[in-house]
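**Q** Heads up: the sequence shown is residues 1 to 268, going by this note's numbering.
Hints may be right or wrong, so weigh each one.
Below, in silico cross-link-like pairs of lysine to any residue (SDA-like), each with a Cα-Cα straight-line distance of 25 Å or less [to be verified]: (1) Lys121 / Tyr132; (2) Lys223 / Ser45; (3) Lys121 / Val208; (4) Lys121 / Met109; (5) Lys29 / Tyr44; (6) Lys29 / Tyr15; (7) Lys121 / Gln201; (8) Lys223 / Met128; (9) Lys223 / Tyr44; (10) Lys121 / Leu110; (11) Lys223 / Tyr120; (12) Lys29 / Tyr197; (13) Lys29 / Met242; (14) Lys223 / Leu207; (15) Lys29 / Ala241; (16) Lys29 / Thr232; (17) Lys223 / Pro247; (18) Lys29 / Asn42; (19) Lys121 / Leu103; (20) Lys29 / Tyr14; (21) Lys121 / Tyr197; (22) Lys223 / Glu46; (23) Lys121 / Ile106; (24) Lys29 / Val225; (25) Lys29 / Phe11; (26) Lys223 / Leu28; (27) Lys223 / Asp130; (28) Lys223 / Thr26; (29) Lys223 / Gln233; (30) Lys29 / Met1; (31) Lys29 / Glu46; (32) Lys121 / Ile81; (33) Lys121 / Ile140; (34) Lys223 / Thr200; (35) Lys121 / Leu108; (36) Lys223 / Ile81; (37) Lys223 / Thr23; (38) Lys29 / Met224.
What the hints contain is simulated information worked out from the structure, not anything from laboratory work.
Everything numeric in this text was worked out from a predicted model, so none of it was measured.
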Amino acid sequence: MLILGILIVAFPIYYTFVASTQTLQTILKPPLPLLPGDQVWNNYSEALFGGVGRIGGVSVGRLLLNTTIMALGIAVGKIFISILSAYAIVFFRFPLRMVFFWLIFITLMLPVEVRILPTYKVMVDLGMIDTYAGLIIPLIASATATLLFRQFFMTIPGELVEAARVDGAGPWRFFFDILLPLSRTNIAALFVILFIYGWTQYLWPLLVTNSNDMNTIVIALRKMVSFADADTQWHLVMVTAMLAILPPILIVVLMQRWFVRGLVDTEK
Numbered sequence: 001m002l003i004l005g006i007l008i009v010a011f012p013i014y015y016t017f018v019a020s021t022q023t024l025q026t027i028l029k030p031p032l033p034l035l036p037g038d039q040v041w042n043n044y045s046e047a048l049f050g051g052v053g054r055i056g057g058v059s060v061g062r063l064l065l066n067t068t069i070m071a072l073g074i075a076v077g078k079i080f081i082s083i084l085s086a087y088a089i090v091f092f093r094f095p096l097r098m099v100f101f102w103l104i105f106i107t108l109m110l111p112v113e114v115r116i117l118p119t120y121k122v123m124v125d126l127g128m129i130d131t132y133a134g135l136i137i138p139l140i141a142s143a144t145a146t147l148l149f150r151q152f153f154m155t156i157p158g159e160l161v162e163a164a165r166v167d168g169a170g171p172w173r174f175f176f177d178i179l180l181p182l183s184r185t186n187i188a189a190l191f192v193i194l195f196i197y198g199w200t201q202y203l204w205p206l207l208v209t210n211s212n213d214m215n216t217i218v219i220a221l222r223k224m225v226s227f228a229d230a231d232t233q234w235h236l237v238m239v240t241a242m243l244a245i246l247p248p249i250l251i252v253v254l255m256q257r258w259f260v261r262g263l264v265d266t267e268k
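Based on the provided sequences and hints, a complete structural model is requested.
**A** If you want it as structure tokens, here you go:
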């Protein structure tokens, strides 16, 4: 059953790769061969460095750059804001701190669609449409990440906090020298999840990008597929699809050990 499950998941990816190595004529004449073709270099170089007509002549390399910047910005921004918010809520005693926490928590109950129009209006007023800031900033607030960091910080022994205070560690030194090293596995696990979240965004980039140069790879894939098969460059569509799934896979593979440890530590 495990092997069957792997085959069910892996075969569409393999089939996409095979299609990405064929000519357009071969793809349009089913059945598609089960072995890769001889157009690997031609197709991938055309997509990466040439321009795709359906998306205004923008190269897939530019699309990958846009999507990487957005995904990294969202992941790093969410972690930065969430860990500081959780740190303030857990370790600082200020008025209404629990009220602020519950206000953050309540945002989990709001569907994205409820907030998207007011957020779009703010971006228009600030002149952030068709910019990297407009793609990233509205998506970096995360109640989920704040909740996870808060729960982890609440497991920190009070004796450790007192020992740091006795040693003369101020709030920032305690944060950077003690909390951050203890949180590294949680940060790694969240980074993987949030990077993939940012990479697969569709609705928000669709709203805030007007020019083809600012498109993400997910938006470009939709534009490349037309209603008439004869008008679609299917070999380039398949190349773009393959290139779109490589960065998330690479992140998961490179950070697999930290990701698993972070999930296990979170469960504890």
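**Q** Under the constraints set out in the numbered hints, which ones does this structure not fulfil?
**A** 12, 30, 36
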